[in-house]
Amino acid sequence: MAAGSPPLPSGKVTIPFYRDTRIIAIIVQVVFAIAVAALLWYLYSNMMNGLRQANLLPTFAFLSVPAGFPIAESVIPYDPSMTYGRAFVVGILNTVRVAGIGIVLATILGLILGIARLSDNWLLRNVALVYVEIVRNVPLLLQLIFWFSLTRLFPRIQESIDIGGLLYLHNRGVTLAWPQAANDFDAWMLWVYGGIVVGVIYYVIRRIQFARRDRPGVALPQAFLIAVGMAVIGFFTTYFVYGAWPVSLSIPELQRFNFVGGVTVTNSFAALLVGLVIYTAVFIGEIVRSGILAVSKGQREAARALGLTPGQTMRLVILPQALRVIIPPLTSQYLNLTKNSSLAVAIAYPDLFYVASTINNQTGQAVPVILMLMASYLSVSLLTSLFMNWYNRRIQLVER
Amino acid sequence: MATEVSRPTSRRAPRQQIGLIEWLRKNLFSTWYNVIITVVLLYVIVQTVTSFVSWMVTAPGWPAAFTNIKLLLTWTYPVDQLWRPQAAMALVMLLLGLSSGLWGGIVRMVALGAAVISVALGFVAFTFPDLPGQTSLPGWLFMFICAVLLVGGDQLARLVGNKLRWPLIIAWLLAYPAVILILRGGIGLPVVETKLWGGLTLTLILAVSGIVLSFPLGVLLALGRRSSLPVIRTFCVLYIELIRGVPLVTVLFMGALLLPLFLPGGESIDALVRAVIAVTLFSAAYLAENVRGGLQSIPKGQVEAARALGLNVVQTTLLITLPQALRAVVPVLVGQFIALFKDTSLVVIIGLVDLLGAAQNIVGQPEWLGTPGGVWRETFLVIAAIYWVFSFTMSRISKRIEDQIARSRH
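Chains as they are written, first to last, in the working numbering: chain A, 183 to 582; chain B, 66 to 475.
For lysine-lysine, the following DSSO-like pairs were computed, each having C-alpha atoms within a straight-line distance of at most 30 angstroms: (1) B:K91 to A:K479; (2) B:K135 to B:K260; (3) B:K464 to B:K365; (4) A:K479 to B:K464.
The set of hints was computed from the structure by calculation and includes no laboratory data.
Kindly generate the complete structure, drawing on both the sequences and the hints.
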């Protein structure tokens, strides 16, 4: 690395060690490592001293102590007599629940938005633009608080706002119709499993064929179509054989004090979901739009000139290239949505952060709670980005 | 054809005249599904706009926001000391005006925009002179003074010319500590505890602190991540990914709970400083990634040329790569500032009262309990508009800078 040094005379030349970049590099790193370690040790010993004086030495023992606080909604059974550990898991599952549903809905809305922004209809294009500009320039927390305040204006359950008989808004939350398994559900599931098996077999066979012939090919969409097709055929066959649909819609009905049937979610959850979806969809929409715009016009024209049909052009030329641009920023939007769900604490949805801060208030064990909190978020982030990186590598351009 | 030599060789293409009907047909009713989309959208827009306007006109809650404008802007900052935020703002406006005169371009656009907004706000304040919490210097007069400072500074700088360059750069560097000093007090001024700060002032302070203070750390982290020394690189990667993997709320929470534990006598660190430290540590990780993007965009030839000219690693970084990288990432940094400006609303969760917190407090004031439906819609709408104007303006500026950089490359 001794660039710029004059040509050395022949024979052994000794460079003084303080001018040798290799030695300097080692010294710098050792000094840096010592400095960081010293700083961390200083902070750590301060913390331990303080905690010892306060008689609050960090321990994870509280995890097996009954929590004693109620959690408004939970995916798994929970009551206050269960442990802090269980409460923490409830928090994680609540975060995963809202983030998972949010990601799916935000992707759909974002896709629609991105396409609307590119529409040849002037009105649609500009309505989408106005939506984007309004939503992305107002803080998410303000939007969440707005939606939450709005849900609190909903009337009592007896005077619920009825939207098409399928969706009811009331002050305890939102009740909506939901599909449920009917008597002949199992008969239909047979078809679904069969479809999956056939799809997988098709996929494997095609891949082997491609490998033998040593040429690239696409098999996954067809395999997927086969599986879905079998499921659909099965759906109708079940109806004709047994005379009833395998899946029925559970329609909520108002009894004296409550709804029977359907699914009821709390207003915190509804407000959080709506807020997150509306906010994240804007960013996803912009990503989709720029992804489609990034594929040059020549690609489409060349594909058409080669005789590909418009459908093939979209499927084989435009979309794969657009996806390549879309996936990396889309990953970070999914992660953002998951992280933003921590704002739930402001509207009393018992997500991971909410539960963790309650546990901290009750036990005073700040250090273990924060470690667990960070570890949970980091592992969610890490898992998501690992998956998306794997997917991204698969579709990336192989440059020759 | 050859005989018609008298024809001018180049003529502007005829302007395509399309009538209203033609435009409508082309842009709104080109296909059957476009007709459906247009009709449905028109119906929805008309419905929404009419119901929104009729609600706005009849909404009873507007006084909540407008009578509490002082709380929204400065929260509980003592009324007799309100000239200090005003002085701080005037200082920034003067510097902006001077820069506008000196550098022109986008800076002038920003300054003129600020002047126009000041005048507009001044007129609004003048029409509602009876708002409570008035200072000795009426709001409308202050806004006009700001506009005068902007335009006056611009003219002054044009007269003085390039002699002003270095003094102005130094003044900008000192502006941040100066503003904090004016607000906090100390030397000669009575101290105003940070507990009393809040509202839009706090939002702006947090956002500016987040960018300004995280800048050195962020640049170092970006350089460290691209370093060839494995220990330093690993440390930087770990730090950046750790921070970017967790939500801001968690970092703020850590700042509020762990900082007092980490430092001896840490309980005496006030809540605002804790929040600023947390926001700085958070923002540095994102800033590092942005700067790294800039560093990566610099062609390898630049470094090789610099090394060939005999510059060492430090000189190459400071004189060649970093300046180019920073110039390239200015729009991204503006974007990060916008994000931070919106995200600082999260300090509500750790108990600070920023613009959003002030609004929430106003909504809860007992005097509005009698208003049917509460006053939250009106109040939140007002602060949403404040947030919106700031973010939207800044995003337009960032777009302009981006275009300019793109154009200068070609």
